[in-house]
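Whole structure, please, built from the sequences with the hints as guidance.
Sequences listed follow chains A and B, in order. Just remember that our numbering sits 13 ahead of the position in the first sequence, which is counted from 1. Just remember that our numbering sits 13 ahead of the position in the second sequence, which is counted from 1.
Worth flagging that the hints you see were computed from the coordinates, not collected in a lab. Quick caveat: nothing in here was measured; it's all calculated off a predicted structure. Glycine included, every Cβ here is placed at the ideal spot set by N, Cα and C. Mixed in with the good hints there might be a few duds.
Unchecked claim - One-sided and incomplete, this derived list gives chain B residues near chain A with beta-carbon spacing under 8 angstroms:
| no. | residue |
| --- | --- |
| 1 | L65 |
| 2 | I70 |
| 3 | Y163 |
| 4 | E245 |
| 5 | I315 |
There are 2 protein chains.
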Amino acid sequence: MTTHSIAALEAFANALYQAVGMDEDKAACVARLQVLTDAMGRRTHGLAMTPLYLADIKKGGLKVSGQPQVGSDNGTSAVWDGDYLPGLWLVNEAIATLIPRAEKAGIAAIAIRRSHHIGCLAALAKQAADRGFVALIANSDPAGQRVAPYGGTEALFTPNPFAVGYPGADHPVLVDTCASITTTSMTRQKYAAGEQFEHPWLLDAEGRPTRDPAVLEHSTPRGSLQLVGGGEYGHKGFGLALMIEALSQGLSGHGRKDAPSRWGGNTFVQVIDPRMFAGAGADAFAEQMDHFSERCRENRPIDPARPVRVPGDQAARGIEQARRDGIGYDAATWQALTRWAGELSVAMPAH
Amino acid sequence: MTTHSIAALEAFANALYQAVGMDEDKAACVARLQVLTDAMGRRTHGLAMTPLYLADIKKGGLKVSGQPQVGSDNGTSAVWDGDYLPGLWLVNEAIATLIPRAEKAGIAAIAIRRSHHIGCLAALAKQAADRGFVALIANSDPAGQRVAPYGGTEALFTPNPFAVGYPGADHPVLVDTCASITTTSMTRQKYAAGEQFEHPWLLDAEGRPTRDPAVLEHSTPRGSLQLVGGGEYGHKGFGLALMIEALSQGLSGHGRKDAPSRWGGNTFVQVIDPRMFAGAGADAFAEQMDHFSERCRENRPIDPARPVRVPGDQAARGIEQARRDGIGYDAATWQALTRWAGELSVAMPAH
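Here is the structure:
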């Protein structure tokens, strides 16, 4: 597999976005965060998303220029209307806005309604954690129906991703999870590859567990993604889904009641300054959490070949490797990018 | 089973706590919230906890008098040192402190270190949700080791409960969950009853799934509670556990590094005023979330005999029933309470 340097890939994606009219700051930000996402190993949400974004820009879904409208703002909490601007850029701007507010008040939050897709939440949480802050990000798409409430059969909400990032000794801890066992992207990928899931992580239209992604991608009536906990204790996943709906749709004042049909997302972003908590001083948070991470990593593993990892460890190794060796892409992603480069007269990455 | 009225049970528990020297305000608060917990149906955390609290007061673990020390406070965020005062009272005080702050800033939070056990998180979240606020509560006990990190064999942290409450049309939505599939209380109850769990929700000391509560309550070396997601996707439960550790121990600046051996808890309490978000006005949050709850309840169920419930629905029905019919207790709980009433010369509930 041919690999390309991070810098070359960023310049390439940036040029693609600018070629369809995206503002310079937004194009640079989206390109940087998508390449970072690939370096972190979350390949469904890196440059594999670029052709989908470019197609949605062409049909007028993803907006390429403008600013969010501020709905309300008291200096600590705010609501932004994202006007379907790039979600990665909007959340990155929200984090930049929230950091000085958290330095003052300890916590600060922005609920964003009508954003476009926000991509990889862990890459965004890292933007705050790298600077010494705790970030909580909760996201849902009011236009998507892929998960049923616990005990139900009809897909009603999205996987509802949720991320937490906080600083660590060598690299941040980055938790990126969601209320369903598997995700929309994984389901599409499995279906496109003609594969079944290893475990029955979906439900058919009657609520029977199945490994077949076609229940969501092809069948009528449609099935749904199983909640975390599945049939045994899916009330736990359902609880998480409700929390994320309340933060991202309730607090932004926009959601499923408005029945939007456009690809988008609502996002709750909160930044916490641990220096304003942790009474004993600036290092108390780090002392506790670094101690905890080390106790996790040295925990005797079930399988000696698979030591315990803390979330964020693998991403940090991926970034290190990408910086050294560059990043390679699968044939399908690279072909789609090559087609767009041809159509938009953008040069492929040089190195 | 004999039942007693809510008022009589509250007066009884209040008298027990005051008989061992607890301040009047604390005794009344703990009694009220424990009886509420029973009414909500969370029977492991209601008056079944009273004998454990009384025993811990007698041996000097649970403090009965005093005030939390304020470690830092900027008007929006604060750290309290709970000095092992009753956790239900401390968190209830924190919520009362946070509500006017949230009305001003939209969000406000207190991290409490060195609290005693905080009881049922849903009953606490309800104290904010009943008044129109969103509450997030995360709790861990740095003295407890019952759950291993994902892929590990050695119990390192607690189930780490987490609750979210928000207002709803008829009653609040109350999510009360944790990072492990089952809980410490359920494990103790199963072990005491000589029962196995229905599913393999624990791991033995080698990390093999088991239904046997003895791996935690009796065996050496000890086993652990399985994370939400178990062997298949326990990284999801582990991620939640890390979030809760960071909020409750990292932000309070006290935790496993201090290796306390005393029964206690660290708690992060956040209150959000949805009226300060939800740009479109005071009702935008309620409109979105009530719509969502209704769509959940009318979702076609897998089993027609078991309609979809929203978390909080069952608690609301339990409270209604308890107000009408009173609350009855199992023999073991009632015997333990009767013994304490005798020892402390407190009259049993009259009606």
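Open item on the list: Just to be careful: measuring from the Cβ of B/L65 to every Cβ in chain A, is the smallest value less than 8 angstroms?
Closed with: The hint is violated - B/L65 has no Cβ within 8 angstroms of chain A, the shortest such distance being about 26 angstroms.
Task: Interface hint outcome for B/I315 [beta carbon to chain A under 8 angstroms] - done: holds (3 angstroms)
Open item on the list: Given a cut of 8 angstroms on the nearest C-beta pair, is the interface hint for B/Y163 held or broken against chain A?
Closed with: holds (7 angstroms)
Task: Satisfaction of the B/I70 interface hint, Cβ to chain A closer than 8 angstroms - done: For B/I70, the interface hint is violated, since the closest Cβ of chain A sits about 26 angstroms away, which is over 8 angstroms.
- [ ] Have a go at the B/E245 hint: is there a Cβ in chain A nearer than 8 angstroms to its own Cβ?
- [x] Cβ of B/E245 sits 6 angstroms from chain A, so the hint holds.
Violated hints for the displayed structure, listed by number in ascending order: 1 and 2.
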